[in-house]
Amino acid sequence: MWLALSCSGFALAVLLHAISVRTRSNPSIARNFVYISSSIAILLACIAFWRFAITDESIAAILIYVALSEAYLFLITLAATGVSVSLLMRLSSRPMAEDDLMRSYSTRAMVERRLDQLQAGGFLVEAGGRLRLRERGKALVRAFVIARSLFKHRRSFDVVGPVHDRESGEFSRWR
Amino acid sequence: MHWLVLVGFIGGHLLLYLALLRHLRLFEREVTIAAYHGVAVIIVIAVVIAAFARGAIGFAALTGLLALQSIYSMSFLELWSLAEGSYSLQILAELSRRDSISREELIAACAAIGAQKTRRRLDYLLGLKLLTNSADGCLRPSILGGMIVRPLRIVRRLTTVQGVN
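Top line first, the protein sequences correspond to chains A and B. Last residue of the first sequence: 214 in our numbering, with the numbers rising by one and none dropped. Last residue of the second sequence: 171 in our numbering, with the numbers rising by one and none dropped.
Just so you know, these hints were derived from the structure itself, not from any lab. A few of these clues could be false.
[Stated by the list, open to error] Some chain B residues near chain A, calculated using beta-carbon distances under 10 Å: (1) F65; (2) E84; (3) W86; (4) S106.
Think of the CB as a built atom: it goes at the ideal place given N, C-alpha and C, for glycine as much as any other residue.
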């Protein structure tokens, strides 16, 4: 029963998200999933505690739901922004030679797509042909400067420069 | 009690990293970070299964404890990788250094990174044997690569997200 509760809660979150992204304009698909899954998590927690009280079953039901939702959110961001995933999918649809593949990739499109996503997410604004960070974008940069300091990432955060020639690691290579 | 033991283990795991391990050059490498979490996951799986086999915990606690460990490791690795190499964050960082910039200037500054990233990812996928170079000279996903593509394709269909290129 408790396992069915978490699995059905997760299935409901995926279903409502799939309907939501098709029925209204969504600035951020990932953020939309966070809103939907968080609402269901609160509902699921209420049902679990009401049905099982504070027991292993109720705690497990909530934790499994959260783990499934987090894994799904990870897959959404990977499918949306992963360069490796994009390469795999493109070659899955149409195998091609390495040179043709590299020629077919538009680095300009890569930047433009991300700029559009960041703009839609409210992190930056374009006015009078100039791009500016919004307060939310500035806060995100500050948060990640702190995170980089916490994780002791020594590689420079600069966009251009020779430091970027250094290889980044396996997880980051998916992005 | 078992919940508190795992919370204590996770707290100790995180504290050890923050207090000591993050200062070591070895822990700048993602393979080391992955191994650090991989070992923690294996320890938790082994202890939890042993406790379940002895009847000390039930099935609900077994799955819940594994879920808690996976939430911690997924969150940690996700944040670590985002802070290390996100392209979007590099773009935001470039913007944060200037009051404003035209779209063309920003694209010119960041496009080279995109080309580098694509080249590296391709080499990475070939190195992991997720892509194979077939006899006709074409690259295509290997069996393992195909296994990764299929669930992500389902996610794309469900969520209508489009790739970056």
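Against the structure, the hints come out as follows:
no., hint, result
1, F65, "holds (8 Å)"
2, E84, "holds (6 Å)"
3, W86, "holds (6 Å)"
4, S106, "holds (4 Å)"
Of the numbered hints stated above, none is contradicted by the structure.
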